[in-house]
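There are 2 protein chains.
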Amino acid sequence: MSKLYAVGIGPGRKEFMTEEALEALNRSELIIGYTVYADQVRGIFPEKEYITTPMKQEIDRCRMALEAASAGKTTAMVCSGDAGVYGMAGLLIQLESSYPGAEVEVVAGVTAGISGAAVLGAPLGHDFCVISLSDLLTPWEVIEKRLRAAARGDFALCLYNPRSKKRRDHLARAVGILLKEGKSPDTVCGWVRQIGRTGQEQKVMTLAQLKDEPVDMFTTVFVGSGSTKRYGSRMVTPRGYEKKQ
Amino acid sequence: MSKLYAVGIGPGRKEFMTEEALEALNRSELIIGYTVYADQVRGIFPEKEYITTPMKQEIDRCRMALEAASAGKTTAMVCSGDAGVYGMAGLLIQLESSYPGAEVEVVAGVTAGISGAAVLGAPLGHDFCVISLSDLLTPWEVIEKRLRAAARGDFALCLYNPRSKKRRDHLARAVGILLKEGKSPDTVCGWVRQIGRTGQEQKVMTLAQLKDEPVDMFTTVFVGSGSTKRYGSRMVTPRGYEKKQ
Chain A
381 MSKLYAVGIG
391 PGRKEFMTEE
401 ALEALNRSEL
411 IIGYTVYADQ
421 VRGIFPEKEY
431 ITTPMKQEID
441 RCRMALEAAS
451 AGKTTAMVCS
461 GDAGVYGMAG
471 LLIQLESSYP
481 GAEVEVVAGV
491 TAGISGAAVL
501 GAPLGHDFCV
511 ISLSDLLTPW
521 EVIEKRLRAA
531 ARGDFALCLY
541 NPRSKKRRDH
551 LARAVGILLK
561 EGKSPDTVCG
571 WVRQIGRTGQ
581 EQKVMTLAQL
591 KDEPVDMFTT
601 VFVGSGSTKR
611 YGSRMVTPRG
621 YEKKQ
Chain B
381 MSKLYAVGIG
391 PGRKEFMTEE
401 ALEALNRSEL
411 IIGYTVYADQ
421 VRGIFPEKEY
431 ITTPMKQEID
441 RCRMALEAAS
451 AGKTTAMVCS
461 GDAGVYGMAG
471 LLIQLESSYP
481 GAEVEVVAGV
491 TAGISGAAVL
501 GAPLGHDFCV
511 ISLSDLLTPW
521 EVIEKRLRAA
531 ARGDFALCLY
541 NPRSKKRRDH
551 LARAVGILLK
561 EGKSPDTVCG
571 WVRQIGRTGQ
581 EQKVMTLAQL
591 KDEPVDMFTT
601 VFVGSGSTKR
611 YGSRMVTPRG
621 YEKKQ
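If you're matching them up, the sequences are chains A and B in order. Here my numbering = 1-based position in the first sequence + 380. Here my numbering = 1-based position in the second sequence + 380.
Certain hints may be false.
Identical copies look the same in the list; a pair holds intra-copy or inter-copy alike.
For lysine-lysine, the following DSS-like pairs were computed, each having C-alpha atoms within a straight-line distance of at most 25 Å [claimed, not checked]:
# : residue 1 : residue 2
1 : K623      : K546
2 : K525      : K546
3 : K545      : K623
4 : K383      : K394
5 : K436      : K609
6 : K545      : K583
Derived by calculation from the structure, the hints in this document are not laboratory data.
I would like the entire structure built from these sequences, with the hints used as guidance.
Spelled out as structure tokens, the structure:
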């Protein structure tokens, strides 16, 4: 059996990867990934063999990785953030049974919700939901249903993929749904752009203001619960320890 | 200004920490934490000064850390998993303004939801909620409200603190609520115990079976969405790529 590691590389710089992730890459003969992510580890492991594919070729990419592992080559599939959160780990496991000899092992990484939250303070300090606003693979009705449920449950929210070239108004539509479901326009919100990368930016604002923020596909958005508070340029969703004082 | 790093150490072993976390601990003169977590990094940094406090002394612990940083000592507060998810990062930021000279910086880590998901496959591969079943700091009614909302939104769920000595039936009650809100008894579920530690165990089962599983306070529980599937001893919540085939 050859290992196929599904490796989360966090925001992409070596310092944000776990030792386990670095070791899995070190043990791999072949590293496969979307071009941008593969290039991020190429500097750390220049001697490895690489196969890169453009965006939107996820199934081809996974099949190539499974085929290589099936043929006896220890392989790693690199994913941004964590391989299990909107990453390739699931698809690799779904396809695994067609490739005897390949054994998928998921290596956890720091997903953008966690790394972005650290930049803003602790917006996910209590119960939270993670929702992708991308409707490429998910019907928009499902996204709407989840936004409504998240608002009713008074969760803190982390929104992935708030905008793309084709979807310019998804964040504004999401904010509209959250307000309609009873979230206060004063709810503390924030976003982080290019988390852990050159040009990292962050901002904290209200839910009413979030609607018109110039987010892009490299931005992760955070919406507070009813108890989230602003502390200068940061936001905290408290767990309740302070009530014990 | 002296830094006070809020450091997520993941499941506790060095290999699951990021380089950024190791560097923050290396730069710190003093390391403070709940005894169990501080002991996990003591082996890596034996030369550091340590202050440890028992469980449930979170505010005292945070004040000690802020005081030390305020007095000019670079300090790290270590937390299991990620410092921002049910950790000390929020409380440190909330108290920070009373300690001039102390500057809190959150260093992201791999929270149990992410590391446990990697063990099980990819249960959090699509939109998900994280809910703690501990009612020590959160009224049970709020927990119930969030469980109902999560069920209605058809999220995959990750449940922290499914049981403690005083709360033996919280998981069974949570399962009851999810079933009542329409989740199928056949929903694929799983748990991981002692994630990344000696004695790690995992199991995949249905929601109907989850009710009677012998979870403890070192167990993280995963409940699938309507589309979560079982693959042998693993579970995957697909993002939808496979529909493109």
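Using 25 Å as the alpha carbon limit, work out where K545 and K583 are close: within a copy, between copies, both or neither. within (22 Å within a copy, 42 Å between copies)
As a check of your reading, is K525 near K546 (CA-CA no more than 25 Å) within one copy, between copies, both or neither? Within one copy only: 21 Å inside a chain, 35 Å across chains, cut-off 25 Å.
Identical-chain pair category, K623 with K546, by Cα at 25 Å: between (45 Å within a copy, 21 Å between copies)
Could you place K436 and K609 in one of the four classes (within, between, both, neither) given a Cα distance threshold of 25 Å? Classified as between; 23 Å across copies, 38 Å inside a copy.
Up to 25 Å between alpha-carbons, please classify K383 paired with K394: within, between, both or neither. Close inside one copy (22 Å) and across copies (22 Å); limit 25 Å.
Could you figure out if K545 and K623 sit no more than 25 Å apart (CA to CA) within one copy, between two copies, both or neither? Classified as between: cross-chain Cα gap 23 Å, same-chain 45 Å, threshold 25 Å.
When held up to the earlier numbered hints, the structure conflicts with none and fits them all.
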